[in-house]
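From first to last, the protein sequence lines are chains U and H.
According to this note's numbering, the first sequence holds residues 3 to 336 in order.
According to this note's numbering, the second sequence holds residues 3 to 336 in order.
If you are wondering where the hints come from, they were derived from the structure by calculation, not from laboratory data.
Mixed in with the good hints, there may be bad ones.
Note that the list lumps identical chains together, so a pair holds whenever it fits in one copy or between two copies.
[Said to hold, decoys possible] Here are the computed lysine to any residue pairs in the SDA-like style, where the Cα-Cα straight-line distance is at most 20 Å: (1) 50 to 282; (2) 17 to 320; (3) 296 to 284; (4) 44 to 331; (5) 280 to 229.
There are 2 protein chains.
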Amino acid sequence: MNLLAMPRKLADNPKALADGLLLGDRRAAARAITLVEDGSQKGTELMKLLYPHVGRSMVIGVTGAGGSGKSSLINHIIRVFRSQGRRVGVVAVDPTSPFSGGALLGDRLRFQTHSMDEGVYIRSMASRGYLGGLARATTDVVRIIEAMGNDLVIVETLGAGQDEIDIIHVAQTCVLVLTPGMGDDIQAMKAGIMEIADLIALNKADLDGAETCLRSLEATVRYGFEEKEAAWIPRVIPTVAAGARTDDVRGIEEVAEAILAHQSYLRESRTIHEIQAKRVEQELGLVFRDEVQKAVFKGLKGTGKKRQYIRAILEGRTDPYSVVEEVLRTFLRV
Amino acid sequence: MNLLAMPRKLADNPKALADGLLLGDRRAAARAITLVEDGSQKGTELMKLLYPHVGRSMVIGVTGAGGSGKSSLINHIIRVFRSQGRRVGVVAVDPTSPFSGGALLGDRLRFQTHSMDEGVYIRSMASRGYLGGLARATTDVVRIIEAMGNDLVIVETLGAGQDEIDIIHVAQTCVLVLTPGMGDDIQAMKAGIMEIADLIALNKADLDGAETCLRSLEATVRYGFEEKEAAWIPRVIPTVAAGARTDDVRGIEEVAEAILAHQSYLRESRTIHEIQAKRVEQELGLVFRDEVQKAVFKGLKGTGKKRQYIRAILEGRTDPYSVVEEVLRTFLRV
Numbered sequence: 003m004n005l006l007a008m009p010r011k012l013a014d015n016p017k018a019l020a021d022g023l024l025l026g027d028r029r030a031a032a033r034a035i036t037l038v039e040d041g042s043q044k045g046t047e048l049m050k051l052l053y054p055h056v057g058r059s060m061v062i063g064v065t066g067a068g069g070s071g072k073s074s075l076i077n078h079i080i081r082v083f084r085s086q087g088r089r090v091g092v093v094a095v096d097p098t099s100p101f102s103g104g105a106l107l108g109d110r111l112r113f114q115t116h117s118m119d120e121g122v123y124i125r126s127m128a129s130r131g132y133l134g135g136l137a138r139a140t141t142d143v144v145r146i147i148e149a150m151g152n153d154l155v156i157v158e159t160l161g162a163g164q165d166e167i168d169i170i171h172v173a174q175t176c177v178l179v180l181t182p183g184m185g186d187d188i189q190a191m192k193a194g195i196m197e198i199a200d201l202i203a204l205n206k207a208d209l210d211g212a213e214t215c216l217r218s219l220e221a222t223v224r225y226g227f228e229e230k231e232a233a234w235i236p237r238v239i240p241t242v243a244a245g246a247r248t249d250d251v252r253g254i255e256e257v258a259e260a261i262l263a264h265q266s267y268l269r270e271s272r273t274i275h276e277i278q279a280k281r282v283e284q285e286l287g288l289v290f291r292d293e294v295q296k297a298v299f300k301g302l303k304g305t306g307k308k309r310q311y312i313r314a315i316l317e318g319r320t321d322p323y324s325v326v327e328e329v330l331r332t333f334l335r336v
Numbered sequence: 003m004n005l006l007a008m009p010r011k012l013a014d015n016p017k018a019l020a021d022g023l024l025l026g027d028r029r030a031a032a033r034a035i036t037l038v039e040d041g042s043q044k045g046t047e048l049m050k051l052l053y054p055h056v057g058r059s060m061v062i063g064v065t066g067a068g069g070s071g072k073s074s075l076i077n078h079i080i081r082v083f084r085s086q087g088r089r090v091g092v093v094a095v096d097p098t099s100p101f102s103g104g105a106l107l108g109d110r111l112r113f114q115t116h117s118m119d120e121g122v123y124i125r126s127m128a129s130r131g132y133l134g135g136l137a138r139a140t141t142d143v144v145r146i147i148e149a150m151g152n153d154l155v156i157v158e159t160l161g162a163g164q165d166e167i168d169i170i171h172v173a174q175t176c177v178l179v180l181t182p183g184m185g186d187d188i189q190a191m192k193a194g195i196m197e198i199a200d201l202i203a204l205n206k207a208d209l210d211g212a213e214t215c216l217r218s219l220e221a222t223v224r225y226g227f228e229e230k231e232a233a234w235i236p237r238v239i240p241t242v243a244a245g246a247r248t249d250d251v252r253g254i255e256e257v258a259e260a261i262l263a264h265q266s267y268l269r270e271s272r273t274i275h276e277i278q279a280k281r282v283e284q285e286l287g288l289v290f291r292d293e294v295q296k297a298v299f300k301g302l303k304g305t306g307k308k309r310q311y312i313r314a315i316l317e318g319r320t321d322p323y324s325v326v327e328e329v330l331r332t333f334l335r336v
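Extracted from the complex, chain U is given alone in its bound form (with noise of 0.2 Å):
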């Protein structure tokens, strides 16, 4: 199915798209994830026709500050699943240059080891610009990479701001990147490590006081988890993961055997449906919270008062709250 030859009208329609994804094809993902990422009623309608087809695969949080080396990590992780058989998907949620809107330099860049490989889809996410956030459009995308039978989708985040945390709690697993240089802070990354982390990577083993920023790790795991008998216990890997080679390379298969474990384990304990129930609620909170204000903006649209009530504003006539009440007096039944 060629869609670029398809004219416009049909390469949207949400059935074929729909159809196209589930075929595993790319050309129609690319199609879907614009419409989605624009906010439109069709990306709506292709997503309800996907939902039936989804949640079967393995949804893998890769987070850590920008520099921690995430990007390498995943390269050679990709690899690793790439050669059990595994198709992969990514999704890259990294605003590491804001002003660029540079995410499509960034699929070239980081991930060309992998762009000839058929078993491998890579998306990275614009920091900006979605009607409905980031964390709605991040989470369609991750339903529609599912949809096209990818066993693992991958998504990295910087873990930076709430639309990111959101993000993170969509995985199942969720990997936290490291690394030795930021050693004193490990004490202040404490309550985050106790609550997104299934499994630490400390990344850039070979540096300098990689041993000490280890055992510190470890001895958070075991306080934190080992000793409230916690069902599951993170594993603290140590990883190098320079480059896109494959020389030099550390501690993957480790993680890589880890996830799968924490998979296992998530299934076995029948724990994955509690995190299948939550990830349905955070989609249906960031899907309200889109839908809600498009409904509501579509309702002012055209009738000029918000114009009118800026001057009012700035006229010192009333104020942003009260203008805001008045107009879910006019629109909420509630």
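Given the structure of chain U, go ahead and fit chain H onto it with the hints provided.
Same frame as chain U, now just chain H:
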């Protein structure tokens, strides 16, 4: 007025808090900010009371990547403005350690130079945990700090993510902080420079490569502004603001001067009115998003509906998109 000694009811009284705030009372500010961060109705009442008294401060955004030295630069800029007798407030929105929730620590570490100065008020925002979103909480906090009678409010952001972009748009004058290290990225950042920078501080200008970077930035400005005969041409100012000490420091007076020059330009050209209108529009959008969510969630709460919906989705009987449509039909008169 000793708010700590007051009975809680009185301390949370919006009218009493507003009165205290307008007198510059710091404890009233702390209490007010908590109300706003909690997304409480009293916070909204307070904001309504404050609104007629705000809008006269200069609001300065300082934006740059983590590690660019924003905080040090701000520290020095505060010193210059203080020596001119101006009162300065700072709102730091910098989720550099996303998992620390460590904003409180940040206040002390970063700005301790000014901690004894009654003419400086500093507040860090946590990067998460706001019901109505970080951007709404931050715009409210900026208004609160304006209401305290500060001549300038400096808002420090990383500029990554939609929330922070929203926050940047609250500022009248935006200082973009770059460093020579990012040399190759300048190409990618051009769009951002064009979009937001009213002046550029090339910080760490004593590092290798600073000269080349400076020339490249100046060329960007020449091409993007001068040749297009823009009414305002951003200055590129090399700065050194390594630590909290005042020796080995460069370019700070120039930055402070350029900020004031831009403010004069805004006022003389009457561009300030457009900027104030955009800010009000921005606030309206943020308050709106927040209040709509609260109203509809309140409508759903206690009905047990949410749990039923989640179960229906998990059992494949519906999907989040259809559920949201159903809920909206119930609650919206549109």
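Hints, verified against the model:
Taking identical chains as interchangeable, the C-alpha atoms of residue 50 and residue 282 lie at most 20 Å apart only when both belong to the same chain, with a minimum of 13 Å there against 36 Å between chains. In this assembly of identical chains, the alpha carbons of residue 17 and residue 320 lie at most 20 Å apart only when taken from different copies (17 Å versus 47 Å within one copy). In this assembly of identical chains, the alpha carbons of residue 296 and residue 284 lie at most 20 Å apart whether taken from the same copy (19 Å) or from different copies (16 Å). With identical chains, the CA atoms of residue 44 and residue 331 are at most 20 Å apart between copies only, with a shortest distance of 19 Å across copies and 30 Å within one.
With identical chains, the CA atoms of residue 280 and residue 229 are never at most 20 Å apart, being 26 Å at best within one copy and 54 Å at best between copies.
Of the numbered hints given earlier, the model fails hint 5 alone.
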